[in-house]
Amino acid sequence: MKTTLRQNVQNTDRQWWIVDAEGKTLGQLSVAIADTLRGKRRVDYTPHVDGGDYVVVLNADKVAVTGNKEEDKKYYRHSGYIGHLKTQSLGVVRAKSPKRILEDAVSGMLPKTRLRAGQMKRLLLVVGNENPHTAQQAKPLEI
Numbered sequence: 001m002k003t004t005l006r007q008n009v010q011n012t013d014r015q016w017w018i019v020d021a022e023g024k025t026l027g028q029l030s031v032a033i034a035d036t037l038r039g040k041r042r043v044d045y046t047p048h049v050d051g052g053d054y055v056v057v058l059n060a061d062k063v064a065v066t067g068n069k070e071e072d073k074k075y076y077r078h079s080g081y082i083g084h085l086k087t088q089s090l091g092v093v094r095a096k097s098p099k100r101i102l103e104d105a106v107s108g109m110l111p112k113t114r115l116r117a118g119q120m121k122r123l124l125l126v127v128g129n130e131n132p133h134t135a136q137q138a139k140p141l142e143i
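The sequence shown begins at 1 in my numbering and counts up by one.
Don't read these hints as lab results, they were simulated from the structure.
Just so you know, these numbers come straight off a predicted model, no measurement behind them.
Accuracy of the hints is not assured; some may be wrong.
[As the list claims (entries may be wrong)] Below are the SDA-like pairs computed for lysine to any residue, each with C-alpha atoms no more than 25 Å apart in a straight line:
| hint | residue 1 | residue 2 |
| --- | --- | --- |
| 1 | 62 | 9 |
| 2 | 99 | 130 |
| 3 | 139 | 113 |
| 4 | 40 | 122 |
| 5 | 74 | 100 |
All chains should be modelled from the sequences, with the hints used to inform the complete structure.
The following block contains the structure:
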């Protein structure tokens, strides 16, 4: 008799993955990262369990976009007051807080449930080429 392997937090062995974002397209990179954070690349994937892996992204500020998205793509924030919608282009966001570009893209691809906060904590974005998590011996993530 065969039994289905059920994943839970106790039997999850999380792996570490590393990817260099320099020159990679924002959307394709975000899909690969979101799938890895969620655990969809694992054999024992279970939708209702937070069983994904860690992802370290180097050069998060050098992610590429196509077309005129540097000026045309907008990021929005709202203070909660009427008429206080703030709008910034991707170029301005890249200059002020470059990690926000990948954070917003990956967060939008994860499920809008209680699991998302835990999955986003396992996304480690690094501005620059120096990996601060070398002790974890991360494997390269193929895109």
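Status of each hint after checking the structure:
Proposed proximity of residue 62 and residue 9 is contradicted: the alpha carbons are some 34 Å apart, above 25 Å. The hinted pair formed by residue 99 and residue 130 meets the criterion: a straight-line CA distance of about 15 Å does not exceed 25 Å. Restraint check for residue 139 and residue 113: the C-alpha separation of about 28 Å exceeds 25 Å, so the hint is violated. Annotation: proposed proximity of residue 40 to residue 122 holds, straight-line Cα distance about 15 Å (limit 25 Å).
The hinted pair formed by residue 74 and residue 100 meets the criterion: a straight-line CA distance of about 12 Å does not exceed 25 Å.
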